[in-house]
Amino acid sequence: MYRYDTMDRALVNERVEQFRDQTRRFVEGSLSEEEFKLLRLRNGLYIQRHAPMLRVAIPYGLLSSLQLRTLAAIARRFDRGYAHFTTRQNLQYNWPALQDVPDILAQLAQVEMHAIQTSGNCIRNVTSDHLAGITPNELDDPRIWCEIIRQWSSFHPEFSFLPRKFKIAVTGTPDDRAASQVHDVGVHLVRNETGEIGFEILAGGGLGRTPIIGQVVREFLPRQHLLSYLEAILRIYNREGRRDNLQKARIKILVKALGIEEFKRRVEAEWLLIKDSALQLDEREVARIRAFFPPPAYRCLTDRDVAADQEKAFKAWYRYNTHAHKMPGYRAVFISLKAPDIAPGDATDAQMDFIADLADRYSFGEVRVTHTQNLLLGDVEQERAFELWQALRSAGLATPNIGTLTDMICCPGLDFCSLANAGSIDVARQINQRFDDYDYVYDLGEIDIKMSGCMNACGHHHVGQIGILGVEKHGEEWYQITIGGSASADAALGTVIGPSVAKAEVAETIAKLLAVYVEHRQEDERFLDVVRRLGVKPFKERVYATPIAA
Amino acid sequence: MPRQLLRNGAVVADEWVDLNDAPLPQDSRAVIVGFDRWRNERDNLRQYAGKLGVKLEPAHKVEDLAADLPRLALVAANFPGPGDGRGYTQARLLRERYGFSGELRAAGYVRRDQVFFLARCGFNAMDLPEEELPGASAAFKTFSAAYQSSNDAGLPERLARR
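Chains as they are written, first to last, in my numbering: chain A, 69 to 618; chain B, 103 to 264.
Worth flagging that the hints you see were computed from the coordinates, not collected in a lab.
A couple of the hints might just be wrong.
Over 12 Å on every C-beta distance to chain B, these chain A residues come out as not near it, computed from the model [stated by the list, open to error]:
1) Met75
2) Glu103
3) Lys105
4) Asp171
5) Gly188
6) His224
7) Ile265
8) Leu302
9) Glu308
10) Glu338
11) Asp507
12) Thr563
13) Val586
14) Lys608
Pairs of lysine to any residue residues, derived as SDA-like cross-links and limited to a Cα-Cα distance of at most 25 Å, are as follows [what the hints assert, rightly or not]:
15) Lys105(A) <-> Asp166(B)
16) Lys233(A) <-> Gly201(B)
17) Lys343(A) <-> Ala168(B)
18) Lys163(B) <-> Ile321(A)
19) Lys243(B) <-> Ala376(A)
20) Lys233(A) <-> Lys153(B)
21) Lys316(A) <-> Gly237(B)
22) Lys343(A) <-> Lys243(B)
23) Lys163(B) <-> Leu147(B)
24) Lys163(B) <-> Ile342(A)
25) Lys243(B) <-> Lys608(A)
26) Lys394(A) <-> Cys368(A)
27) Lys243(B) <-> Arg93(A)
28) Lys105(A) <-> Gly201(B)
29) Lys343(A) <-> Lys316(A)
30) Lys243(B) <-> Lys380(A)
31) Lys324(A) <-> Ala161(B)
32) Lys243(B) <-> Ser187(A)
33) Lys105(A) <-> Asn313(A)
34) Lys153(B) <-> Leu176(B)
35) Lys163(B) <-> Trp163(A)
36) Lys243(B) <-> Asp312(A)
37) Lys605(A) <-> Glu593(A)
38) Lys605(A) <-> Leu561(A)
39) Lys332(A) <-> Glu198(B)
40) Lys163(B) <-> Leu326(A)
Beta carbons: idealized from backbone N, C-alpha and C, even for Gly.
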């Protein structure tokens, strides 16, 4: 993985000192609440319902075991012994004290980590495919391009006060595992008709109050122009994005207002003026970054069905929680953070330490964070999978549910977040209790539930095959259900099935939706396919056939 | 005492007068007018014997000022509040695209925490509140290096780059 050189290290340390000074000035009173807010947000620090929330950047989801141990140590010392992994591959602490934050940042800096640009109206932490570099059908390793974008976007002097936040995701395969089409900019590695590898660039995607799927701005961009093209998009956005209304300030609103053709015309016109500037990527610089992502020292192995003679529980885990690897004899192994009794995406300090040890023992000391709020050991020998499973199971980390109904994406909701209208963690628990029969869950096949506690859509509910949105009605928590969404290559926004349902009815409502699916599916049809084929009507009719209890 | 600002890394007296709607002074001292006034009275203003500067609001397009730049000794960008970053783009375009080499001044909401980025975009003068002026030049050294090539006009030293 990428390692800091003296320049990276100096910058991160200088940022810690800058923030220490800003915090001191705020505490002393020479910075106002409003002024400090804009500064602290640039360091991932929110003021939440109970305490500040600190969001730590995990660039494109890659962690060393040492970094994970440090995150665990911080959770133990400065928080309440746990942390939350987010849909943008970051990590959040929910209980740090404001005056401790500079020290937390200093501790992070020691292991080449930070909270720079994890919030605020700037270019956020760039995200990617959690299978980058190990999936069989990749055109090129997106991590190289992510790192190049990370550096270019860090402390960018022109784009640090944008109309609104700006999120970029990069993928290297036709499968989209990074929800790139609902990002402000999606960067897809593609091959053109002459065989050259470059980028397809999408813009204007996003969730929140106005969910929109991104549109193609450029079908093929030669690789050396990546940064100049991004700079052209950002410049158009910085100049022309709306600043009069926070709800209309994302780039998606600008793209929609101008229309994709006019937006494209403006971006291309700007790009032509800067494409041959110092932003043009030098092949040597790309090679220098590429050298940070060498394949680990794989052994020469062959593929084998290691689950064949094993017990049923291992078979299920191996089927659902591991993924094909480009190297024979290896698997990528998911660590499910979706055990029935915990908040989705949460991990305790002890679990993080434990996973760090497993990473050292089984996967070259590296851990990845997935946008679905799980962890992944990328390079595990198939022969050692059984042993690893036993270890994970002993720590409650082998819930065999990756890609199934109970592998829910979920925001922190009303329990922590000051924006939320409704709880999401307890609804997740309710769903887990209702669907505790694995045979039934497995029979449902590939499906997902995504849940947000408010319109801001941190839980990506619009793009869940089943989406759940918490709303507040007369001081009570209600839930609006959508179906038919997808964040994958076939990205789509879900359709609302009807009036929202009471909290106690959420799991039962989902049960009705699933029953309709099971009755109508043909052969291997997924839930999503059936919704697409039949529309919302039969689902809606079943859910509202009997009045929903208040 | 005349008001002071930070220019090329030093605290100096500001000899410029923000004219707003007032008539042109008789003594040829350096004046700044708003972009709208410049547009309306350009021919008359160009005849002025002293130095001229124009102040842009965030929504103004530097393209519309490009042809007049040879006559201007100063362009100011007004920052209406801490969150509006359009002035940074105005500065870069003035320096990089239109080759403006006169004084580029950040006005309005300008604080120590912005000084580094302002300088990186090409501002060489910053109209900071009086209480922030002492020690403000230290902000040029907030970071010792940068990932982007930029116009570090007004920085006392050039930054380390890869």
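Evaluated hints:
1. Chain B draws Met75(A) into its interface by the beta-carbon criterion, the shortest separation being 5 Å against a cut-off of 12 Å.
2. The Cβ of Glu103(A) sits about 6 Å from the closest Cβ of chain B, inside the 12 Å cut-off, so the non-interface label is violated.
3. Listed as a non-interface residue, Lys105(A) fails to keep its Cβ farther than 12 Å from every Cβ of chain B; the least gap is roughly 9 Å.
4. In this structure Asp171(A) is separated from chain B by more than 12 Å, as the shortest Cβ-Cβ distance comes to about 20 Å.
5. With a cut of 12 Å on Cβ distances, Gly188(A) falls inside the contact zone with chain B, its closest approach being about 9 Å.
6. At roughly 6 Å, the least C-beta separation between His224(A) and chain B is not larger than 12 Å, which violates its mark as non-interface.
7. Residue placement check: Ile265(A) keeps its beta carbon more than 12 Å from all beta carbons of chain B (closest about 24 Å).
8. Interface exclusion of Leu302(A) from chain B breaks down, the closest Cβ pair being 9 Å apart, not more than 12 Å.
9. With a cut of 12 Å on Cβ distances, Glu308(A) falls inside the contact zone with chain B, its closest approach being about 9 Å.
10. Interface exclusion of Glu338(A) from chain B breaks down, the closest Cβ pair being 10 Å apart, not more than 12 Å.
11. Look at Asp507(A): its CB is around 52 Å from the nearest CB on chain B, clear of 12 Å, so calling it non-interface holds up.
12. Every CB of chain B lies more than 12 Å from the CB of Thr563(A), the least distance being 36 Å, so the non-interface label holds.
13. At roughly 51 Å from the closest C-beta of chain B, the C-beta of Val586(A) stays outside 12 Å, upholding its exclusion from the interface.
14. Remark: the non-interface label on Lys608(A) is consistent with the geometry, its nearest Cβ contact in chain B lying 43 Å away (cut-off 12 Å).
15. Proximity of Lys105(A) to Asp166(B) is assessed by CA-CA distance (about 35 Å); at most 25 Å being required, the pair is judged violated.
16. Straight-line distance between C-alpha atoms of Lys233(A) and Gly201(B) comes to about 31 Å, which puts the hinted pair past the 25 Å bound.
17. As the CA atoms of Lys343(A) and Ala168(B) are separated by approximately 21 Å, the hinted pair is consistent with the 25 Å bound.
18. For the given pair, Lys163(B) sits about 21 Å from Ile321(A) by alpha-carbon distance, which is consistent with the 25 Å threshold.
19. Between Lys243(B) and Ala376(A) the CA atoms are separated by roughly 62 Å; this puts the pair beyond 25 Å, and the hint is violated.
20. About 40 Å separates the Cα atoms of Lys233(A) and Lys153(B), which puts this hinted pair outside 25 Å; it is violated.
21. Distance hint between Lys316(A) and Gly237(B) is unfulfilled; the C-alpha atoms sit about 39 Å from each other, more than 25 Å.
22. Annotation: proposed proximity of Lys343(A) to Lys243(B) is violated, straight-line Cα distance about 30 Å (limit 25 Å).
23. With a CA separation close to 20 Å, the supplied pair Lys163(B) and Leu147(B) stays within the 25 Å bound.
24. For the suggested pair Lys163(B) and Ile342(A), the alpha carbons sit about 18 Å apart, so the restraint of at most 25 Å is met.
25. Pair hint Lys243(B) plus Lys608(A) does not hold up; C-alpha atoms about 61 Å apart against a cutoff of 25 Å.
26. Only pairs whose Cα atoms come within 25 Å are accepted, and Lys394(A) paired with Cys368(A) is accepted, the gap being roughly 12 Å.
27. At roughly 18 Å between alpha-carbon atoms, Lys243(B) and Arg93(A) fall within 25 Å of each other, so this suggested pair holds.
28. Under the criterion of a C-alpha separation no larger than 25 Å, the hint pairing Lys105(A) with Gly201(B) is inconsistent with the structure, at around 36 Å.
29. For the hint pairing Lys343(A) with Lys316(A), the CA-to-CA distance comes to about 29 Å; that exceeds 25 Å, so the pair is violated.
30. Distance hint between Lys243(B) and Lys380(A) is unfulfilled; the C-alpha atoms sit about 62 Å from each other, more than 25 Å.
31. For the hint linking Lys324(A) to Ala161(B), the alpha-carbon distance of about 20 Å falls within 25 Å, and the restraint holds.
32. With a C-alpha separation of about 24 Å, the suggested pairing of Lys243(B) with Ser187(A) holds against the 25 Å cut-off.
33. Using a Cα cut-off of 25 Å, the hinted pair Lys105(A) and Asn313(A) holds, with the two alpha carbons roughly 18 Å apart.
34. Restraint check for Lys153(B) and Leu176(B): satisfied, since their Cα atoms lie roughly 8 Å apart, inside the 25 Å limit.
35. About 45 Å separates the Cα atoms of Lys163(B) and Trp163(A), which puts this hinted pair outside 25 Å; it is violated.
36. For the hint pairing Lys243(B) with Asp312(A), the CA-to-CA distance comes to about 33 Å; that exceeds 25 Å, so the pair is violated.
37. For the hint linking Lys605(A) to Glu593(A), the alpha-carbon distance of about 18 Å falls within 25 Å, and the restraint holds.
38. Between Lys605(A) and Leu561(A) the alpha-carbon distance is near 16 Å, which keeps this suggested pair within the 25 Å criterion.
39. Using a Cα cut-off of 25 Å, the hinted pair Lys332(A) and Glu198(B) holds, with the two alpha carbons roughly 23 Å apart.
40. Distance hint between Lys163(B) and Leu326(A) is fulfilled; the C-alpha atoms sit about 18 Å from each other, no more than 25 Å.
Checked against the numbered hints listed earlier, the structure breaks hints 1, 2, 3, 5, 6, 8, 9, 10, 15, 16, 19, 20, 21, 22, 25, 28, 29, 30, 35 and 36; every other hint is satisfied.
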